[in-house]
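Student: So the sequences go chain by chain: A and B. Read in order, the letters of the first sequence are residues 0 to 678 in numbering that gives the first Met the number 0. Read in order, the letters of the second sequence are residues 0 to 588 in numbering that gives the first Met the number 0.
Hints may be right or wrong, so weigh each one.
As the list claims (entries may be wrong) - Chain B regions said to be covered by chain A (calculated; three or more residues, Cβ under 8 Å):
| # | stretch |
| --- | --- |
| 1 | 383–394 |
| 2 | 401–407 |
Claimed, not checked - List time: in silico DMTMM-like cross-link candidates among lysine to aspartate or glutamate, alpha-carbon distance up to 20 Å:
| # | chain 1 | residue 1 | chain 2 | residue 2 |
| --- | --- | --- | --- | --- |
| 3 | B | K141 | B | E327 |
| 4 | A | K522 | A | D501 |
| 5 | A | K403 | B | E225 |
| 6 | A | K403 | B | D3 |
| 7 | A | K276 | A | E433 |
| 8 | A | K611 | A | E552 |
| 9 | B | K560 | A | D113 |
| 10 | A | K510 | A | D488 |
| 11 | B | K560 | A | D373 |
| 12 | A | K464 | A | D488 |
| 13 | A | K522 | A | E56 |
| 14 | A | K248 | A | E518 |
| 15 | A | K464 | B | E204 |
| 16 | A | K614 | A | D230 |
| 17 | A | K403 | B | E220 |
Since the hints were derived computationally from the structure, they do not count as laboratory data. Quick reminder that beta carbons are idealized off the backbone N, C-alpha and C, glycines included.
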Amino acid sequence: MGAVVGIDVGGTFTDLYYTDPEHGIETILKVPSTPDDPSRGLLDSLRVAKIDPSTLEALLHGTTIATNAIIERKGARCALVTTRGFRDILELGRRDRPNMYGLTGVQQPLIPRDRRWEVRERVDHRGNVLVPIDDAEVRALGAVLMEQNVDAVVIAFIHAYAHTAHEDRVRDLLAAINPAWEIVTSASVIREYYEFERTSTAVVQGYLQPLVSRYARNLHSKLREWGFQRDVLIMQSNGGVAPLTELGKRSAYIVRSGPAAGVIAAGEVARHAGFNKIITADMGGTSFDVAVVINSEPRIAENTLLEFRVPLRLPMIDVHTIGAGGGSIASLDRGGILQVGPRSAGAMPGPVCYRRGGTEPTVTDANLVLGRIDIDSPIGGSGATKVNLDVDSARKAVTALGAKFGLSMEETAEAILAVVNQRMAGRMRLISIEQGLDPREFAMVAFGGAGPMHGAALIREVGIKTELVPAYPGVLCAMGCAIADIRYDLSQTIEQRLDRTDIGALQAMLKQQRADGEEQLKKSEAPHDAVRASHFADMVYQGQIHALRVPIEADWNADRLTRAFIDTYRRDFGNTLGDIPVVVVNVRTTVLGVRGAHAAKAQSALTHDQPKPFKRRPVHFGGWTDAAIYRRTDLLPGMQFEGPAIVEQDDATTVVEPGMTTCVDAAGNLLVTLTEKAA
Amino acid sequence: MSIDPVTLAVVRGSLEQIADEMDLHLIHAAISPIISETNDCAHGIFHPETGETIAQGRYGLPVFLANMQFTTQNIVRLANEQGGFKPGDLWILNDPYVGGTHLQDVQLVAPYFVGDRLVALMASTGHWMDIGGSVPGGWAPKATEIHQEGLLIPAMKLYDQGRLNEPLVQMFRANVRLPVQIAGDLAAMTNVFTIARRGLDQLVERYGVDRLSVCVAAMMERSEQEMRSYIEEIPDGTYRFEDVIDNDGIVDKPLNIVLTLTVRGSQLTFDFTGTSPAARGPVNLSRNTTLSACYVAMKHIFPEVPVNGGAFRPATFIIPERSIVAAEYPTPVGGYLEVLGRVIDIVFGALAQAIPDRTPAADFGTVGVCTIGGRHPDTGNFFVGVFPYPGGYGGSRASDGLVNGNPPLSMANFMSLEMSEHRYPVRFNHFRLREDSGGAGWHRGGCGTEYQFTVWSDCVTSVLGDRVDYQPFGIAGGGEATPNAVRIHTGGNSWVPPMRSKLDSQPLHAGDGVEAASPGGGGYGDPLERDPNEVERDMNLGYVSRATAESAYGAVISEAKPLGDRMTYRIDATATATERARRLAARST
């Protein structure tokens, strides 16, 4: 495999990870993002890294452009066309409210009601036409849409997954009226039932398509100018990549792809290090993302809520987020109990020590006053972007908070960390318990700018044995982009009792999905070494709502499928429901274009040398202790050292608590464990 | 022993975490879809002597908010009468007069011992799919006594010092329609205590029993202090509010619910004197659930208050015996949700007089459901489809009301229409926002929802709703919402049920159907003060009709032109200001 670059464009920083396995070169860097035109920051990073475009085999890229367009409501001016009687599906959702307690707040549908239109048509749940399309009515609607001056049109009919012709007909009629419209049909985005979720997913696609297509064209031409003639692949939220040329059509797939890339990379790094069950802990400035990866397979969520009443029903890596990060604010509630987050100082004003006007103490301020962050070389910047931290103001802010409940500055800062760590540990426990897993059997991969600073406390709190800190924890998402496979997901709803299903037709459906996926892969022209397809069936006991996703083979008969479901059910719930008939809800196929097995980082010979701290400084762990400070670059495979210690590198700071041991493994990962007590 | 604030914060977080883990364990392991899919359960950790809530899970339903504490307190009393809790004991009950809610909600209570010291109580409540009685699923709209609603389990020991009372389990199994599922749910609920013990053991190991007990006492005090600080912001006074339930489904007579809320410093008194005596039909609430409803309403207004016994301390209750808010044996309680919703409404109605800036106007106010049942023609299997009411929320100082909310005491969703058509012989003709149904206001109420379905095979429908005769109210000058409306279509005729929104077991044949239109929420503030741009937007989105814009909002329309089959409007801001001024002047004379 040739040289590859992964670039993750976040809200504040654009991270770059470059690897050239042949020459043993690995480079990382961070440059400021350019939100007005994110492709500029991307090109900046390539230039700063002095990468020669002609030597590059592939460029892989994660972007928050889609996520931001949704949050800021900067997507296209869209219209929605629905079956008569159902234009409000998008706004009504499925009867819910934003928060369990508190009855205030409204929603902002991505397409407002005056741009939602209905046409006469209806099919039943088996796809039989009850009311045919009236072409004249559709053409008349086309004229209205011209008058409304829309950029994109989303068509979402009831039961369209069972009968796509009506949506297609309306698409063709409208395209004839105005070829400039970007038109999206619901069944082309997702061929599954659940009218609200399918409509919403199609609307997200339509809302993003014009903007994302423009971005793709712009980036493409900029990269050509820079001299790069080969393929660009874009990270998707399902953990795979897709070619830049298809980006517009796959806009909905790139929402929240950044966290997915981090999970992919964490899973890969952990697998090479010999861990097959991991929890990923990604802590940044405002949020803490947790996911579970078993045998390199991240858990996939079928439905993700982007915000209140904006579900996206596409396979996405199941990442859970809470508002806990370096910028989380510490304050007292009315009962006088310390709270940390979810309120955040964000990037502006940021922590007190950032000198941008923040006055309330944050988690970063607490870490700083306890000596865990080096005043002179903070994270998230190098060269020109380096921030000169204001430790005096941070001390004052923490002291002022402590005065309210009679604690010293150090005690207060430790209390802030204890509370935020307890919240993050709680979320880690819940994600595993929700899935019937015991978190203590997992290893934890800590990354993100702040992850390795809190990882030691988290494994202690949750009872996890090992914390793995990868070589470049601060740019792991960029690395995830670089190593991900090309991925296409296909699905179709059946919703029928297995004993009444035409198994021949089901098998044909799976073959067709595989063929369609392979065709997409071929058309993408993206380089890959092998093709791998896997099939799944979503099944339930008749009457249940939530389906279990069961891996299957394309040639299985009804008995074999039933057995697979019952085995999975027993494994997940510890029992079965006896003779209740089994229903197959959806069948799915995932087609992967496997990219050159990411060369595991060269395994170096182990050394028995003692690592040498480059300095020592007082760090507070229950009391001021003289702690060894190591440079990450001085730590070689085989080295071992005891906490308390701090490991510093450009993209992150790792804290090793007293009573913990750190080993450097053959790939250069830090493995932090509780020190075995001498017998 | 002094409490260090770090320990206090971490212990509180850890106890809440254990309660959350109890919730999630049952949601994951339960067989009944009502638990696994609508979270119809609740878990908590309670004080060993007072029975007060120490922590409650945040995934269970609001309806159980304070109910769990009052049930546990009754169990503490009963256990003490029988020589106190012993290690390995596990109590069970569903008696609504001792516990609350309805017979389907079964509660387990277990002691947590460290050595021989009783340190805490743990409780699990779960909704069972069937509990016997005259109707599958347990909701009997024509019930006039509790025995028609199902099997009543008095508070007793399911496990006595670790020994299972096997005959008792056999008795349940013989008296419910889904014995396998019920036994599975019971096992899952029992397992929850293993999870709780594991978490509590870790805390005890880390902090010791004495420090933990000091923290618990401090947590309660802090929560009480926090609750009192909110109550102190409510001006002292006596605030009276009353509202009405259309009828009990059996006797066509309105039922009054009256609340006199007194605020003195940091103390609240909820006095329900004047409330109607127990209804003959199942529209009754047990006392514990009435208390719970008051706390749910308070928590909706002050969402930051933590859920533990301390927060419940600053309130006292005066509840007339044998009224619809204090059901006693053998009064039926299966329709308790309608009363519960109305209690939340009147708490809002009373508080709106004192703190209008914090209180929303009434929401759609009917929790009711439309069910259809029968045998599916394709499979021959029995089915029951449940379509709960969605509706609008009231306007508030903060915002207009939401559309298509769920009731304040529930988080359950509406089923996918496409899935419903797969599972039941129904076809939806429309499912849409009910135009012009929110109360007018400076912030208007959210619109209700309307849906209509036709069946294509014989089945039976039942409806239980309310808010037809007495619609959701506005506050601070806001208008009322449009009332509920249910119509049944049979044999080509369309008719309103005699009890309006309560109908038991109506047969439907192919081509017949049901049409429901739920209320919106009440309005907040004077509609004449609503921003004219917002009124124009409301008209163009179809949330508000032209007629309402003119009559309620004083809008003067300068332009109306057709677009497709709709009209688009422009408001003349100057003329609207003049018209509004004229009306305000007319009001004051």
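Student: Straight-line Cα separation of K248/A and E518/A no greater than 20 Å?
Tutor: holds, 16 Å
Student: Please work out if K611/A and E552/A have their alpha carbons no farther apart than 20 Å.
Tutor: violated, 54 Å
Student: Holds or violated: are the alpha carbons of K522/A and E56/A at most 20 Å from each other?
Tutor: holds, 19 Å
Student: Are K614/A and D230/A close enough, with their CA atoms no more than 20 Å apart?
Tutor: Violated, at about 45 Å.
Student: Quickly compare the C-alpha distance for K464/A and D488/A to 20 Å and report which way the hint goes.
Tutor: Roughly 35 Å between the alpha carbons, so the hint for K464/A and D488/A is violated.
Student: Compare the distance between the alpha carbons of K403/A and E220/B with 20 Å, and conclude whether the hinted pair is satisfied.
Tutor: Distance of about 18 Å is within 20 Å: holds.
Student: Please work out if K403/A and E225/B have their alpha carbons no farther apart than 20 Å.
Tutor: holds, 16 Å
Student: Measure nothing beyond the straight line between the CA atoms of K403/A and D3/B; if it is 20 Å or shorter, mark the hint as holding.
Tutor: holds, 13 Å
Student: Is the Cα-Cα distance between K276/A and E433/A 20 Å or less?
Tutor: It holds: about 16 Å lies between the C-alpha atoms, which stays within 20 Å.
Student: Compare the distance between the alpha carbons of K141/B and E327/B with 20 Å, and conclude whether the hinted pair is satisfied.
Tutor: holds, 18 Å
Student: Decide if the proposed pair is consistent with the structure: K522/A and D501/A, CA atoms, cutoff 20 Å inclusive.
Tutor: violated, 32 Å
Student: K560/B and D113/A: Cα distance at most 20 Å?
Tutor: holds, 14 Å
Hints 4, 8, 11, 12, 16, counting from the list given before, are not met by this structure.
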